[in-house]
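Sequence lines, in order, name chains A and B.
Start counting the first sequence at -4; every next residue gets the next number (the working numbering).
Start counting the second sequence at 10; every next residue gets the next number (the working numbering).
A portion of the hints provided could be inaccurate.
To be verified - Here are the simulated distance ranges between beta carbons:
hint, chain 1, residue 1, chain 2, residue 2, range
1, A, Thr213, B, Asn231, 57 to 65 Å
2, B, Lys217, A, Thr152, 41 to 49 Å
3, A, His107, B, Gln280, 35 to 43 Å
4, B, Asn229, A, Arg104, 27 to 35 Å
Said to hold, decoys possible - Computed list of lysine-lysine pairs in PhoX-like fashion (alpha-carbon distance at most 25 Å, straight line):
hint, chain 1, residue 1, chain 2, residue 2
5, B, Lys42, A, Lys127
6, A, Lys183, A, Lys205
7, B, Lys256, A, Lys127
8, A, Lys127, B, Lys44
9, A, Lys113, B, Lys86
10, B, Lys86, A, Lys127
11, B, Lys44, B, Lys86
12, B, Lys273, A, Lys127
13, A, Lys127, B, Lys144
14, B, Lys233, A, Lys127
15, B, Lys69, B, Lys42
16, A, Lys127, B, Lys217
17, A, Lys113, B, Lys233
18, B, Lys180, A, Lys127
19, B, Lys233, A, Lys26
20, A, Lys183, A, Lys293
If you are wondering where the hints come from, they were derived from the structure by calculation, not from laboratory data.
Glycine residues also receive a C-beta, built at the ideal position from the N, C-alpha and C atoms.
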Amino acid sequence: MKINGVYIDDTFAEAFPMKATRIIITAMNLKWAYRAANALRGFASSVIACGCEADIEKELSPSETPDGRPGISLLIFAMSMKDLEKQIPMRVGQSVMTTATAACYAGIRDGHQIPMGKSLRYFGDGYQISKKINSRRFWRIPVMHGEFICEDTTGSTKAVGGGNFLVLAKTTRHALSACEKAVEEIQKVPGVITAFPGGIVGSGSKVGSKYDFLPASTNEAYCPTLKGQVDSELTDEIGSVLEIVIDGLDEESINEAMRVGIKAVCSYGPKKGICRISAGNYGGDLGPYHFHLRKIMK
Amino acid sequence: MNPLTFTLKIRPKFTLDVAQLTPDNLAGLNKTKIKSLKLPYGKNKVVLDTLFNVTGSDSKNIQINRSCEKLVSVGRKMSYGSINVNGDVGKILGSYLQGGIITINGNAGSWVGNNMSGGRIDINGNAGDHIGAGKPGDTFGMTDGMIKISGSAGDRVGDRMRSGMIIIYGKAGDFCGSRMHAGTIIVLDKAGKNPGAGMRRGTIILAKKPAHITATFKSNGNLKIQFLRLLFTQLSNMGKEFSIFNKFGPEAHRFSGDLARNGKGEILILQTLNLKKVA
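Chain A extracted, bound-state conformation (with noise of 0.2 Å):
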């Protein structure tokens, strides 16, 4: 199959369940919104190792947001509730209480309710306040600029973890204007993020490593420093890879982030440099998810 002039490899991406939530935070203006939302998800592209992943969804308009003001949602996955009940008070705690007047909300209602504020009050030392309206419970926390409120909890979901594609261009510029440009299109389906810095993976692995310690290393058979050298996926032409990683709400989602993302690259064509769209799989033993590249752009 191709698209455009770009061939698109006979695979699919392979993806796991997980769980997620969703996370608004308001503050006085969008720029103090994106500073807390920016520090929650700093450090969380990998559950590898950094215990969950977590994007900016969108942006919210005042009305769009639980106290009127500008806000900004966010979509955070792990691979347990018990992460992330683990890093949702973290996060909170430490990147949106601690930004100037910022607040924090649920984005979820349903399902298994993650704490937050319930957790984050005993910062109030007594003098928190509990707050119900609406049969939502929020808590009042004295602080230093007024007051942080935070919603008593969030709701959380299952999830799906880990759709992705391989971008193979000429060079590293082919590969980044294409990918940037398809992480700009996936922004536009709700219920997806893109969770690696700006939105691309810059160093794919595969599962496990010749060290025992390591659960993840290089993909080498995409590495285009190493063709020749090992069983490479790379044809001469192709002198570097880019991953795009998301992670949705339900596979709908990725099937849709998927192929806008797709679309995207080819539009870019092998005269931009665009040589073959692939994707990441594990042979599909381990997760239960299959996102085939030929169906999905059909």
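Given the coordinates of chain A, assemble chain B onto it according to the supplied hints.
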């Protein structure tokens, strides 16, 4: 289905306890059985049919027409559905309410929503004393739910309330929010003397300066209170009847207390508008 409607034939001479007329109690009863219900009437009981015309069949939605202040205990222990009353009602409206909505298109007596733990009571008129309060001997007053009064209320609104919200569009009497444990009371017109006297926690929001604040409340000065922004946004999203809250900002003069009880409650006097212009 039409709402199950009870229309008073004559004005009762004595207090008439209509606690049985809730969706919970009337579910599954046919009209004959409903008509033969015996209601406490003064010191005796009266067959419902002698005082009410009964029409309609939807017991989830009950309507009482031509009501008057002799009807007491409307909606007692109701847990779902709705009761719509056209006319005044007497004391103990919505006591022990657990869910559903009671709407009164008239005035209500004292002890509205005492011990309620959920649901909502809308009074499109005035209400008496002890709204959302606990009865003598009770540890707490209302523990959840919402009471909205479009007119004024009497003394001791929210006495010992534990949680929930009371909104009074008109005036409130003396000792509003006395001995509160938690919850929120909003008064959009003048409140009487000594709001919050003896309160331990909770929030009393006043659109106007009250007649007198006890000396055991400490001024925290004029502040922008983030919680008010959240509260007013949430309320104004609840429908047209709450759109007035769009007009309020987060600026308020905060008093904390009651220090005589080592209290951590607060009285917030809104700074932003003259309500008369809005109402």
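Tested hints:
no. : hint                             : result
1   : Thr213/A to Asn231/B: 57 to 65 Å : 60 Å, holds
2   : Lys217/B to Thr152/A: 41 to 49 Å : 45 Å, holds
3   : His107/A to Gln280/B: 35 to 43 Å : 41 Å, holds
4   : Asn229/B to Arg104/A: 27 to 35 Å : 33 Å, holds
5   : Lys42/B to Lys127/A              : 41 Å, violated
6   : Lys183/A to Lys205/A             : 39 Å, violated
7   : Lys256/B to Lys127/A             : 21 Å, holds
8   : Lys127/A to Lys44/B              : 40 Å, violated
9   : Lys113/A to Lys86/B              : 31 Å, violated
10  : Lys86/B to Lys127/A              : 22 Å, holds
11  : Lys44/B to Lys86/B               : 21 Å, holds
12  : Lys273/B to Lys127/A             : 17 Å, holds
13  : Lys127/A to Lys144/B             : 23 Å, holds
14  : Lys233/B to Lys127/A             : 20 Å, holds
15  : Lys69/B to Lys42/B               : 16 Å, holds
16  : Lys127/A to Lys217/B             : 24 Å, holds
17  : Lys113/A to Lys233/B             : 24 Å, holds
18  : Lys180/B to Lys127/A             : 24 Å, holds
19  : Lys233/B to Lys26/A              : 20 Å, holds
20  : Lys183/A to Lys293/A             : 21 Å, holds
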